[in-house]
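S.K.: Residue strings, one per chain:
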Amino acid sequence: MARTEIKIGGFGGQGVILSGYIIGRAAAIYDSKHATMIQAFGPEARGSACSAQIVVSAEPIAYPYITTPQIMIVMSQEAYTKFSPELAEGGILITEEELVKTHNLRKDLKHFSIPATRFAEELGRKMVLNIVMMGFMTSVTGIVGVEAMRQAVKVSVPKGTEHLNLNAFNKGFEYGEKLKSGAA
Amino acid sequence: MTEESMDIDMSMPTNTVEEFLRMERMPHIWCPGCGIGTTVNCFAHALETSGLDLKKVSIVSGIGCTGRVAGYLKLDSFHTTHGRALPFATGLKLANPDLKVVVYSGDGDLTAIGGNHFIHAARRNVDMTVILINNFIYGMTGGQVAPTTPIGATASTAPYGNFEEPFNLPYLAESCGAVYVARWTAYHVRHATKAIKDALLKRGFSFVEILAPCPTLYSRRNRLGDGLDQMKFYKDNSEIKNGADTKTLGLSFQGKIIVGKFVDKDKPTYLDSMNAFYAQKFGDTYSPYKG
Amino acid sequence: MKADPKGVVAGAYFIDGDHACAEGAIAAGCRFVAGYPITPSTEIVERIAERFPLIGGMFIQMEDEIASSIAIQGAVWGGKKAMTVTSGPGFSLMMEHIGLAAMTETPCVFVDVQRGGPSTGLPTLPGQGDMMQARWGSHGDYGIIALCPNSPQESFDLTIKAFNLAEQYRVPVLVMLDECVGHMTERVVVPPADEIEITPRRYWDGPKEGFLLFKAGPDRVPPMVKAGDGYNIHVTSLTHDERGYPVMTAAAQEKLVRRLIDKIRLNSDAIVECREEQTAGADVVIVSYGITSRIAIPAIEQARREGVKVGHLRLITAWPFPAKRIRELSHHVSCFVVPEINYGQMVREVERCVAGRTRVERVSHGGGAVHNPKDIYAKIMSCGKEERK
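Those protein sequence lines, which keep their order, are chains B, G and W. Residue numbering for the first sequence follows our numbering, beginning at 1 and increasing consecutively. Residue numbering for the second sequence follows our numbering, beginning at 185 and increasing consecutively. Residue numbering for the third sequence follows our numbering, beginning at 476 and increasing consecutively.
This is chain B alone, in the form it adopts within the complex (with noise of 0.2 Å):
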């Protein structure tokens, strides 16, 4: 596998750097790959744009940033406005339904739309809609194994919701299944 760079943006607070973690740790620690993460860091307060930055590959990683990320998660508008421009020829755009309005879509990007904030709900908590968002990732990109990003929730979440998250994570993925085989 080639290096891969993948960027998550959205709103503080919204467990974007959480994701990026699971990501990584599902990478490097139960997917035998390389994974390197940066955080943007910087003294925003909470509910102002923040990402996360993450690189995969199969062999060991030199340049820890990322300059044109091949995958782009993004949940909120602010988020898809400033970091969506980033992205390579081609990549793919994962974005959250109701939070992100894509206007002006670049026509070379795969684009992957999914109801995030509407699963998290029918779950029960609205939190969870990185995880949905995650499970969604893991089924449109193929970048990390499903049991591996599986594990990485289970051990990143706070104790007491794995399973929540792990529902929210599921739901997220077949939902990505579904529409792959155009049933959604």
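I should point out that these hints are in silico values taken from the structure, not numbers from a laboratory. Glycine residues also receive a C-beta, built at the ideal position from the N, C-alpha and C atoms. Any given hint might turn out to be false.
Claimed, not checked - Here are some of the chain W residues that sit facing chain G, going by a computed Cβ distance under 7 Å:
1) Pro-528
2) Glu-538
3) Lys-555
Assemble chains G and W onto chain B, guided by the hints.
M.R.: Positioned in the frame of chain B, the structure of chains G and W alone reads:
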């Protein structure tokens, strides 16, 4: 009589505190009439009667005339950097709580450059004894103005007299959390010795201020005579007022000096608080920290 | 000796360089940490503060970095392995106490997670501008050891090494992280305790009578004791003799300070560590350290694809500097290229060792980001061109 003791010249008066001193380092650097040596004598007597295991007593000094005390005492002794005796002592004590840690330093070292450390060490109530020798001046560097110099007194960097408000050190120590606060002068050797002993045996941050003459710089520049004249001044102008409100203890130039024991209370030390807090937090999984 | 299993939780983790540093310190046997919050190093003390209560450690947040950097030295004389952690502005405040540790030969570890400077600079962004300060920051002359991790795994490994070197040479050791490595999250393997080699404190085990705290053995390193052991030690920041007593003479200064320098200088073959890759037969050698050693790799690979013979020498120990090796290479290499996130610090060491025998090119970056690998590539190619002329 053993052969060894036969060698002692019995005609020479023996110094009873010699066993506490690094005699091979004598003579010391202090000027004739300086009060620091007197306080060391008090300290040695206090140690002698304290019953403390001397092996477990460590002394820490900063820099300055009083900073040299650590080097003359036959204890584990640490002569650190200017102003930083207290954080060094904090590390030493917390690393090995079995040690009795004494900080022995001057007014400039402990309350000017080391002032921030002073307030925080007192606030934390780290179990240690602080002996502060206040000679109203920076002695080692040639008599500059200090945060303790009384208004009107002259110093090499206040040649027309000091106009800055000086610290009232017992008030400062008490406000920050010290559990034992006393002030004496180099004249009050018995009281000072008793105070040091009490402080050594007190759990928590104990503080003893001892006013001491600096005949070479402070007294001469201010035309106050020699060391003996200053001792006489202390004798005539000190008033013992145990339990006095520390707010009232500010010192003026050649004014009245209130001495005594002002604070003596019990409060959990830093380690007491930490251990109690974590024991409650973690239950049986927590082993009390013992160093 | 092997690590104390109490502190070591073996396994594979996905953690950042700061957290890995904390775990390295714990594995090394560090049980006293004093610190003051400062970005981007704070995560180290946060992890220590969380981990220490249940493994018998003592963490104290001091009133400033000055206090932190001397509290650890008190703790060392109290018998602990101790560390403080900071970044640029705090590192500047600690300088006097790096000198104190050097002068009193107090084994301890200082971690500096470098950010952009000078002054408050760029608190959340990387820099490598403290490298010369690490060597020369305290007044007077002394020897020092400084290590440069380039990944969270190395942050773990080299923090252990830092503690080991501190004990071996009775010297302060500096771990020169940078914001990028400190905040970068990667796989970190914590081996089982019985696979971690620890250098114990070199306590004196001879007779008490006549013991001298500053009398060095053949390796120029004196043995240690601790407070409370009945030696009546005297430790002073003043120039001192073998007893530890102040001696205010040029002769005492020459004897003591020369030894403080020589114990590092003359042991440097044993201390120096660098990683070399394809330096044999190279035309151009990149000399790099910390995060920049990773940023240089895409540039090196691209230049190699263009046919340039590029070697890579990475400093693990910045101090002592691998002078001997650079000197050897300078006889065969046509150009050294030194990228670093400052306007030219370690490159001066390269220039000193090369002594005009060959070209030395710097690729400077003021901080706030890492280099663009293209800039390093361009410099390599310009060296190559010069050579072909």
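S.K.: Evaluate each hint against the coordinates.
M.R.: Results for each hint:
At a threshold of 7 Å, the smallest CB-CB gap from W/Pro-528 to chain G is about 5 Å, leaving the interface hint in force. For W/Glu-538, the suggested interface contact is upheld, since its CB lies about 4 Å from the closest CB of chain G, less than 7 Å. At about 4 Å, the closest approach between the beta carbon of W/Lys-555 and any beta carbon in chain G falls short of 7 Å, and the interface hint on this residue holds.
Figure legend: structure checked against the earlier numbered hints; every hint is met.
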